[in-house]
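What follows is each chain in one-letter form.
2 protein chains.
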Amino acid sequence: MKKSLGADTILYTTPVLVIATYDKKDVANAMTAAWGGICCSKPPCIAVSLRSATYSHGNIIEHKAFTVNIPSEKHVKEADYFGMASGRNENKIKKSGLTAVKSEIVDAPYIKEFPLVLECQLKEIVEVGLHTQFIGEIKDVKADKNVIKPDGTLDVGKIKPFVFLPDCRGYYGLGKKIAQAFSVGRL
Amino acid sequence: MKKSLGADTILYTTPVLVIATYDKKDVANAMTAAWGGICCSKPPCIAVSLRSATYSHGNIIEHKAFTVNIPSEKHVKEADYFGMASGRNENKIKKSGLTAVKSEIVDAPYIKEFPLVLECQLKEIVEVGLHTQFIGEIKDVKADKNVIKPDGTLDVGKIKPFVFLPDCRGYYGLGKKIAQAFSVGRL
Numbered sequence: 000m001k002k003s004l005g006a007d008t009i010l011y012t013t014p015v016l017v018i019a020t021y022d023k024k025d026v027a028n029a030m031t032a033a034w035g036g037i038c039c040s041k042p043p044c045i046a047v048s049l050r051s052a053t054y055s056h057g058n059i060i061e062h063k064a065f066t067v068n069i070p071s072e073k074h075v076k077e078a079d080y081f082g083m084a085s086g087r088n089e090n091k092i093k094k095s096g097l098t099a100v101k102s103e104i105v106d107a108p109y110i111k112e113f114p115l116v117l118e119c120q121l122k123e124i125v126e127v128g129l130h131t132q133f134i135g136e137i138k139d140v141k142a143d144k145n146v147i148k149p150d151g152t153l154d155v156g157k158i159k160p161f162v163f164l165p166d167c168r169g170y171y172g173l174g175k176k177i178a179q180a181f182s183v184g185r186l
Numbered sequence: 000m001k002k003s004l005g006a007d008t009i010l011y012t013t014p015v016l017v018i019a020t021y022d023k024k025d026v027a028n029a030m031t032a033a034w035g036g037i038c039c040s041k042p043p044c045i046a047v048s049l050r051s052a053t054y055s056h057g058n059i060i061e062h063k064a065f066t067v068n069i070p071s072e073k074h075v076k077e078a079d080y081f082g083m084a085s086g087r088n089e090n091k092i093k094k095s096g097l098t099a100v101k102s103e104i105v106d107a108p109y110i111k112e113f114p115l116v117l118e119c120q121l122k123e124i125v126e127v128g129l130h131t132q133f134i135g136e137i138k139d140v141k142a143d144k145n146v147i148k149p150d151g152t153l154d155v156g157k158i159k160p161f162v163f164l165p166d167c168r169g170y171y172g173l174g175k176k177i178a179q180a181f182s183v184g185r186l
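These protein sequence lines are chains C and S, in that order.
Take the first sequence: its position 37, counted from the start at 1, is 36 in the working numbering, and no numbers get skipped.
Take the second sequence: its position 172, counted from the start at 1, is 171 in the working numbering, and no numbers get skipped.
Honestly, I wouldn't trust all of these hints.
Identical chains blur together in the list; that is why a pair holds if it fits in one copy or across any two.
Claimed, not checked - List time: in silico DSSO-like cross-link candidates among lysine-lysine, alpha-carbon distance up to 27 Å:
| hint | residue 1 | residue 2 |
| --- | --- | --- |
| 1 | K93 | K41 |
| 2 | K1 | K101 |
| 3 | K175 | K101 |
| 4 | K24 | K94 |
| 5 | K1 | K63 |
| 6 | K2 | K76 |
| 7 | K175 | K93 |
Hints in this document: simulated from the structure, not taken from any laboratory.
Work the whole structure out from these sequences, hints included.
Here you go:
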């Protein structure tokens, strides 16, 4: 028996996406977003939704680029901080002690200490409501060498990504592999 | 030191979204998508991306509605099956043994056995490339009564959602709560 929870954004699960951009003075900024996901395979694209009130919103429009950085569990504190403070008031990356590296591919920085980075060129802007959706074409994906397995796939046990649950506002790590996709469901 | 993996859709993590729709003859269909996420808080909206070749793509355009169903670990086999077969060739929900229930709010069915459902009215269509992005306004969220805690939030230990990792194509369950958002990052 199902019960109504009302019209709400309760999706299980949402990712933890640290969006890095440059401002008008080319100061690197980072903010954390849970509203987003891959939106196309060819060309590879990712959509991230930001409120127009955020500093990053103007930065993306200014530079037409952003990176999506995936933090490890050990940086949950910094990721959460990036989601609360504003680059309008403080240099968040500097204050966090993390390092901004200039992308050689798009006009945006990425976070050196985070194991996985998607470098994106702004492709489209979709005004949805309170949030603006920025669709970025993924120009390259970079990962720390020590999280790449010999077969070229990533070692999730080393990346240690975590997800965000919108209703309880909890960050959860990943557990065990439960099945192989495009395989377990063969009837 | 980071290494380039090329322009690819390697996001950690992506959700497992079972999209349920009616076809032209009002036969319920389900397909699994990992390309999607919340895209707006007000109005609450979710974006899901489907290839135009899918049966569900035409169904959403026909009925201007869909539901997003979140499967539990115990239904990983059915969820994976929904992502491989096509409703054009077989009645997938029937074959899976699961139950389609007609939504009272939008013109789409939902999966009775899955613990969490987002009922969506089509709001916007964005052609991105190989994939079409369907933005749905979430008209209601429904959850099984036995996964709702006394405080109104969901019990993730009972829902047991799982994520999809695009490069290794693995399904992974969730692990422990690692921190509370909007709290742990207070500097």
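Consistency of the hints with the structure:
no.	hint	verdict
1	K93 to K41	neither (36 Å within a copy, 32 Å between copies)
2	K1 to K101	between (49 Å within a copy, 13 Å between copies)
3	K175 to K101	neither (35 Å within a copy, 34 Å between copies)
4	K24 to K94	within (18 Å within a copy, 59 Å between copies)
5	K1 to K63	between (44 Å within a copy, 23 Å between copies)
6	K2 to K76	between (34 Å within a copy, 25 Å between copies)
7	K175 to K93	neither (35 Å within a copy, 30 Å between copies)
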